[in-house]
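Chemist: Chain by chain, the residues:
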Amino acid sequence: MNDLLIAGGIGVAFGAALECAGLGDPPKLAGQFYLRDFTVLKVMLSAMLTAMLGAFWGGRLGLFDSAAFYVPDTYLLPQLVGGLIFGLGFVLSGLCPGTSCVALAGGRIEGAATMLGLLAGLLLVGLAFPAIESFYRATPYGPLTLQGLTGLPYGVVVALVTVIAISVLAWIAKREARP
Amino acid sequence: MKWVRQLGISALALGLGAPFAGSSFRAPQRGLDLDSIARAIDQGSDHVSARQLAEWIRDRRPGLRVIDVRSPAEFRDDAIPTAENVPIDQLAKSHFAPGQTIVLYSQEGAHAGQAWVMLHSLGVTQAVFVPGGLADWREEVLHPSLPANASTAERAQIEALSHYFGGSPRIGVEQGGDMASATQTGQRPRRRGC
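Top line first, the protein sequences correspond to chains R and U.
If you use our numbering, the first sequence corresponds to residues 49 to 227, in order.
If you use our numbering, the second sequence corresponds to residues 520 to 713, in order.
Hints in this document: simulated from the structure, not taken from any laboratory.
Any given hint might turn out to be false.
Stated by the list, open to error - Distance condition first, Cα-Cα at most 25 Å in a straight line; then the derived DSS-like pairs of lysine-lysine:
#, chain 1, residue 1, chain 2, residue 2
1, R, Lys222, R, Lys90
2, U, Lys521, R, Lys90
3, U, Lys521, R, Lys222
4, R, Lys90, R, Lys76
5, R, Lys76, R, Lys222
As the structure is a computational prediction, the values presented were derived from the model and not from experiment.
Full structure from sequences and hints, please.
Modeler: Now the structure itself:
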């Protein structure tokens, strides 16, 4: 019960942050795909940066055990196909699952339409699961991480990702400053 | 714009400091901690009865994860409800969060006991196993024989649990010669396997 309350609180905060960033607005999200609007990239990069630095330094300072974090397994081929389908739905509707909830809460009808499609898709996949299960479990690689793939120490990967993310963010800021 | 720049600079500082900060993981606990294993076995905190597990599943115990360590084919054939299949060769690659209660079971318990030692050596200390495995589940939960000396309330409890999982208690099994003597001495007949 307590866990549910905490999860609910985090979820509300997450939704509020998405709304503040303007991610409840489908044209804004679709704009990312046409390179007209870089809000999605900015939100994603800054969120990843914050989470990565928090996870690294929190673990380093002993606030929690970083080894206990759940890293999802990689199934290369099914996840590539799934990612493509996801992206197609994303650009078509201008919303992803999280932002569709935010859009609906913000009173946008597109949010309801996207969530309806999302739930219908879940149902379809659930019904078709016995037929697609072998593909669902194809090309398993277990939990992959950048440091595991490159063999670099965790701290070096953190530094590299930070430099890349900050450079991209600075580039976007410069681009937006231009009239 | 100014504080955005400051945020960026502090993020950069934290990121660039990371390579020199050492490991963010606590000292790995790999390796066998024989003392703690012996203590757990001695105190019986290494296992859980099938009936107890059934009550946990029914009561939706928070953080409960039931792991079937048999092969996927066996798992498809028959399994304990809510269980997930993690064959023994996949076990070391799996992740178990500290807050979870991991319950391992196999066909008759031996593999689950071995899996328990494997997980212990990986530092997963919150695991237990079902000593009689799926065989116990069938005998104690799905089709339990109601003990003759049990109170009505106790019988009702066992019956309710069995019905909850779609089984039915075997009534009147006690009259069989072998079973009867076993019931009288308060001991159950030797079960198959481990």
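Chemist: Give a verdict on every hint.
Modeler: Checked hints:
{"no.": "1", "hint": "Lys222/R / Lys90/R", "result": "holds, 13 Å"}
{"no.": "2", "hint": "Lys521/U / Lys90/R", "result": "holds, 17 Å"}
{"no.": "3", "hint": "Lys521/U / Lys222/R", "result": "holds, 14 Å"}
{"no.": "4", "hint": "Lys90/R / Lys76/R", "result": "holds, 12 Å"}
{"no.": "5", "hint": "Lys76/R / Lys222/R", "result": "holds, 19 Å"}
When held up to the earlier numbered hints, the structure conflicts with none and fits them all.
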